[in-house]
Amino acid sequence: MALKTEPMVEQLELLGCIQCGKCTGGCPVARKTVLNIRSLIYQMLVEPELDVAAHPELWDCTCCFTCVERCPKDVRPAELIIGLRGQLVESGRIPETIGAALMGTFRQGNPTGMAREDRAAWVDGTEVKAAQEGCELLYFVCCTASYDPRVQPVARALVRAFQAADLDFGTLGTEESCCGNEVRRMGEIGLFEMLVEENSELIRSVGASRLVTTSPHCFNTFKNEYSLDGMEILHYTQLIAELIEQGRLKFSHPPNLPGREAEGKVTVTYHDPCFLGKQNHIFDEPRAILKAIPGVKLVEMDRNRERSLCCEGGGGRMWAEGTNLEERLAFQRVHEAAETGAEVLAVACPFCLLTLEDAVKVQGLESRLQVMDIMELVDLAL
Amino acid sequence: MMEPQPRIGVYICHCGTNIAATVDVAQVAEFAATLPGVVVARDYLYMCSDPGQALIQQDIKEQGLNRVVVASCSPTMHEPTFRGAAQQVGLNPYLVEMANIREQCSWVHRDREQATEKAKLLVASVVAKAALLKPLEEREVGVTPGAVVVGGGVAGMVAALDVADTGFPVYLVEKSDRLGGHVADLNRVFPTLESAAELLEPLIERVTSHPHITVLRNAEVVGMEGYVGNFTVEVRDSGIVDSGFGGDGAESTNYESTNLRTLDVGSIIVATGYDVFDPHRKPELGYGQYPNVITSLEMERRLATEDLTGFSKPVRSVAFIQCVGSRDVQVGNPYCSRVCCMYTAKQSRLVCELLPEAKVTVFFMDVRTFGKGAEEFYDEARAKGVLYRRGTVSEIYRRGDRVVLVGEDTLLGRPIDFEADLVVLAVGMEPRSDIADLSTLFKLPRSADGFFMECHPKLRPVDTVVDGVFLAGCCQGPKDIPDAITQAKAAASSALIPLIRGAVLAESATAVVDADWCAGCGMCVEVCPYGAPALDPFWGVSRINAVLCKGCGTCAVTCPSKAIRLQHFTSEQILAQVDALVE
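So the sequences go chain by chain: A and U. Under our numbering, residues 1 to 382 are what the first sequence spells out, in order. Under our numbering, residues 1 to 583 are what the second sequence spells out, in order.
Hints are computed from structural coordinates only; laboratory data are not their basis. Don't take every hint at face value.
Derived DSSO-like pairs (lysine-lysine); straight-line CA-CA distance at most 30 angstroms [what the hints assert, rightly or not]:
id, chain 1, residue 1, chain 2, residue 2
1, A, K32, U, K359
2, U, K384, U, K313
3, U, K458, U, K489
4, U, K359, U, K372
5, U, K443, U, K458
6, U, K458, A, K73
Generate the whole structure from the sequences, applying the supplied hints.
Next comes the structure, spelled out in structure tokens:
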């Protein structure tokens, strides 16, 4: 399908591009597939039309936004990919699994398509107030933390921490719907706008002063793409670090890791999620939490903070494998983590938790390395 | 005596197509002819040209004009031109007024009809004021011989020498304890490969032994007052004074305890230099994290001592990365630093000679070798074996005791992982971290890039909006040594104009006090930034020193009893302008 290039060149201000190559140079996916965003921008600039359907590698992009962060001319290369995906979405030429994720979000409010009535099942008997009754802090759980059994414990750990700190908080229960962060990045702008409208109305009606998220992805879109009338948007690492700093959350012992006999020292390395680190520059709070946990020794991987390697879970990649199934960045990443000698690879994102844990299994590192969310470590030390 | 009726001539300039393309100049002239007091209205291609000025002069003589209104560019640009033309044929220059229909109209509008209407209004407004203009006397004041040069880098030293060689005393104020600035940190300079020390030492020697230069090291300018021809510069120093005339004429007050001295001079040259970009602000490049990654300035010292040890052994691959901290909006530096391409060519070439076995690669996005002999130098670097690869490195990480440069070779269209033992970051130039303070101190505006702003980028490249204060070197923007020296020599020559002439024109459009109305409250004394008004101790009323007054009008609007009138901008004149606009 031939797309006229000029309108998008204007809309995305691609003429600012000087073809320096910093975007493709820093792109983690470009090293394993034919995706070359610099070259795509060039084609947009010099060709009257682009055959979008001839570029299946558009679905390889994880929207880690390294290209956006690095661009010296403030061109936003990843937005071109999102725009081109939008063209494919409009014409229905999308991978089946992407279609299913979008349909599930439309029908059930979550990309897995699981039933809306089951959304609050993650609480597993814990009493959590309905935010609709009014609360100071709105806890936005996230689809993945609500439905995925591997991530549900993270949400429960957060609830226990909030209770320990005596916070007045609530959740939206079964009324919570997908934040739309990945929906926008899969190019379904119409559905994204619908979610923004519905979510904003619901969230505003609660009247909370702060909103905290499990996932950096929800955090990113609420903070940067919604306008929630001065409501303070926090990722949980910011809130937990604040509670520790204020002395409202106190640890009583080193984390008692499952499968280990005695409590004691544990060496942890931390993987910066793209949507928290690169895109929102939250690097210090997760580390502050880890350093505050008794018995935890934090070691760094060589590629950390701004140079963290993407786990390939973002931008819709949880629902589409991309064009190269053999090489996975998560494989490389868990080896980097194992090389530090750490026993725990700590993460602060549901997608990172799932992709990296899979990688540890596939790479046979299970005996050496365990992937845990920071909240799971916190929970074990309270 | 009855004042003669106003006979106003109005001149609408096309400014080529600058105005005429957007404003219907003929229609504006036709309209102007209908305004009260206007006896002639014309439009012309370039009013500022000689025939344009002659046209005005002819009308003054033949039609007996006693007011002239020129509708063209900003008065900052050509008011002196038209005032001069009027004066030549005997019309008082303060009877000339300008309407700005270029910057304030044609340049900022697209719709021809609306722009023409606006131009008419602007002209009507200025014509209304012109009818009420009064002639003012031009006055001259004396000049304090001597100059202060702020900054002892190459630009400052060269400027100081040029001024001092004419015999005027110069104070060279240097913040650090040594002269030479950043050039003192260099090894050899492009494109001649001369030693920087051999370049600098004779210069420093001439400066420190010059009979008319007093060098104040460890010294800082802390205050500046006055106006062109008569500045008072306050300097805090450590008492390190080199040679010259030993501070002759430099009044030292309370020297022992505060080391404050005041210098009275006629001109000031600002040559405060730049800061080197700190690559910690590009964390993805691993500077400070990997010993293999160094800056180009660190490389200068390495090359000076021919010491390339301490990296992986042996050094087989050396990579240079261009544009670190330049041409990069992510760090707020959108400009090109203008020297990095050339010093990278120089360093890479020297590495080729020092390590003949090593692979030397330069990663670039564009190569800019524009100076005299520069492109030829770049050709030689490649001929010596330096390999240029197009593509900016995005990230660096460790592999064993080497580092990997992650990027794209944009000409191959392929991502690359490039292993190197030594990486040199071509760091650019930034405005000094204290430039905001300097800007306040010298009342100098800054351009969008953060450096000091020259008065006009083409026509007045070393002047500033403050008469008598001039710019030299990298404080105005990145430049190499030849450019910095060229600008220093230009600044010196401009700074000498008032000194050699010995007199400057004082502003005539000053504020005056009507003693009958003045209540002696002293508010004008408080608000004046130039210290012009003072209360007369005997009569208890305010008197304004016309030499100090810059005509800013702050006192006139502050005065509660309306006793102060700003000449050439009187209330009646301004209100007539406003009336013409809103009618």
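We went through each hint and held it up to the structure:
no.	hint	result
1	A:K32 with U:K359	holds, 27 angstroms
2	U:K384 with U:K313	holds, 23 angstroms
3	U:K458 with U:K489	holds, 16 angstroms
4	U:K359 with U:K372	holds, 28 angstroms
5	U:K443 with U:K458	holds, 21 angstroms
6	U:K458 with A:K73	holds, 26 angstroms
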